Amino acid sequence: MTVTYREALRDALRDALVRDPRVFLMGEDVGRYGGCFAVSMGLYEEFGPERVRDTPLSESAFVGAGIGAALGGLRPIVEVMTVNFSLLALDQILNNAATLLHMSGGQLNVPLVIRMTTGGGRQLAAQHSHSLEGWYAHIPGLRAVAPATLEDARGMLWTALEDPDPVLLFEHGGLYNLEGELAPDAGPVDIDRAAVRRAGTDLTVITYGGMLPKVMAAAEQLAGERISAEVVDLRTLRPLDDATFVGSVTRTHRALVVDEGWRSVGMSAEIAARVTEGAFYDLDAPVERLCTTEVPLPHPKHLEDAAIPQVDDVVAAARALVQGGPGDG
Amino acid sequence: MLRIRRFEEACAQLYTQTKIRGFLHLYIGEEAVAVGVLEGLLPEDAVVATYREHGHALIRGVPATAIMAEMYGKATGCSGGRGGSMHLFHAPTRFYGGNAIVAGGLPIAVGLALADAMQGRSVVTACFFGEGAVAEGEFHECMNLAALWHLPVLFCCENNLYAMGTALARSESETNLAVKAAAYEVPAWTVDGMDVLAVEEAARRAIDAVRNGGGPHFLELRTYRFRAHSMFDPERYRAKDEVEEWRHRDPLEVLWAVLESEGIADEAERDRAEEAAAAEVAEAVAFAEAAPWEPVETLERFVYSDESSVHDVLASSPLGPGGRRR
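Chain order of the listed sequences is A and B. So for the first sequence, my numbering puts the first residue at 70; every next one is plus one. So for the second sequence, my numbering puts the first residue at 24; every next one is plus one.
Distance condition first, Cα-Cα at most 20 Å in a straight line; then the derived SDA-like pairs of lysine to any residue: (1) B:Lys97 <-> A:Gly175; (2) B:Lys42 <-> B:Trp316; (3) B:Lys97 <-> A:Gln176; (4) B:Lys97 <-> B:Ala305; (5) B:Lys97 <-> B:Glu323; (6) B:Lys97 <-> B:Val319.
Quick look at which bits of chain A chain B covers, simulated, 3 or more residues with Cβ under 8 Å: (7) 123-129; (8) 133-142; (9) 175-182; (10) 228-237; (11) 340-349.
Examples of chain A residues toward chain B, derived with CB under 8 Å: (12) Glu119; (13) Asp160; (14) Gln161; (15) Asn164; (16) Asn165; (17) Leu170; (18) His171; (19) Pro209; (20) Gly210; (21) Arg212; (22) Asp261; (23) Pro308; (24) Asp311; (25) Ala312; (26) Val315.
In case anyone wonders, no lab produced these hints; they're calculated from the structure. Small disclaimer: the values here were computed from a predicted structure and weren't measured. Think of the CB as a built atom: it goes at the ideal place given N, C-alpha and C, for glycine as much as any other residue.
Whenever a hint applies, use it, and build me the whole structure from the sequences.
Next comes the structure, spelled out in structure tokens:
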């Protein structure tokens, strides 16, 4: 069955609404409009305005209301249009969703799912394009997941809804039209483990989200140059499954981290540190990082493309790492 | 009211003895608000409060022993010692904080009410916050949302005239706070918060309306804290005369005058109430003193729920839990 990432997400939402009467969706334009990115198209007609609930543009209030509703026995899915807008609800996410369980001594867990888009590549300029999921991955008490494949787009939501704690689901805006085969019986997926998307022997490329298709394309190109790249898709940014990516690096001896976030103090820094901590004596070269240039994302296509890592950049970085590494030959 | 007063006086003393640490915000002078409102709630109702919530917790039925142990940070505190004075929680009595961000509890109250409404329960959520919260965007977002969705919330604004050290007129263009709520089509009243009978009457009327499908209601409770904002506050922003003037309207004395003049209570009864309060406080302090500290080994508990598989991932990391090297 051929579906898009958007359709896989919509099927996941429909499935959740059908399976559990406690589940409801709320956010800006999720209802009558059909979702800012058309993810929830048709669900308002199917489930009604109570369960597919349009909200005012009040991120802090409706994300906080999601926390309260979760405390009150429901299983809310809150959609925030982009990660940039989620900053307006950061107080609720950090000071309440992430901390209530701990502050209450284990009495109040918050079974809430917050969905939002992240990432650039669509010329939406600096206030709609950033990749801030690493910020959320910093916070104990939250779980942050990033579906990069159709299977994960279809299956992560249900697993997230079963989690007794708050889960943030980062959908990459550039993936919505991604199309491919998805099994008709595709179901919930694990949200604990990273996945090896391609096996290889010369280096490990560690990435997630919108960068995964680019990295896969780069790996294909590298194969033509007789460079065998293993690709690890993190899938979950918190908790980080370092067993998988550190394990991979101990086999390939080289690591390249590809992250659409900025380099400084970001996801890539954390991953590089963990590779170094966990596989230092297995490394044949320093861990390399390929990240978005440290500018607020510009509007013009050529500048945006130059800022965000592209397939050719991944190929070049991988080639340099493998050919120039001190352990080579 | 007397229970709150004596409990908090003990807290102040224990603070100076460094038995209680961290921030401590006392409610002394404002007791009529919590007592008057909570009197009208049923056990199934929910309560959301702020960091000045010891009195609310006590009246709601959280045991004084568990509150005091929480103040100390002991394991048998009502939040397991992890919250302290500002973060009292008690699931059995539906007491949801304890929020130390001034308007942070409002959206949660809206959500609790949404859950009740969506599940067809005839339950009220009472949300307490100070007038400082009215300057936050969340107040306005929540008035709008609660009114738009017709949710069963009673918003109780405890207007003690100072947002930390900033007087109302120095922080708000419109100092009539009921007007602000009314702008969102939320029925709103201003009540004398030093008169527990007036609070009780207004709250009961509002709670009935909320419970019977009347949507959100708002009470501005005009009150005054006799003490500083917190134990760290040198209180240079208000005149001693002003505090003295309000002390003449002490809610305990206001009520006592009524009880005495109506012949409802006599001195002996007041003595008995004092004795009971003193005994409750003494028991709470003894409990807290004797209570155990949580062992450091369990430091990382309650970051994620026990049944969450996050634990397995953290445990299986070659770097140890949280990526820390073993």
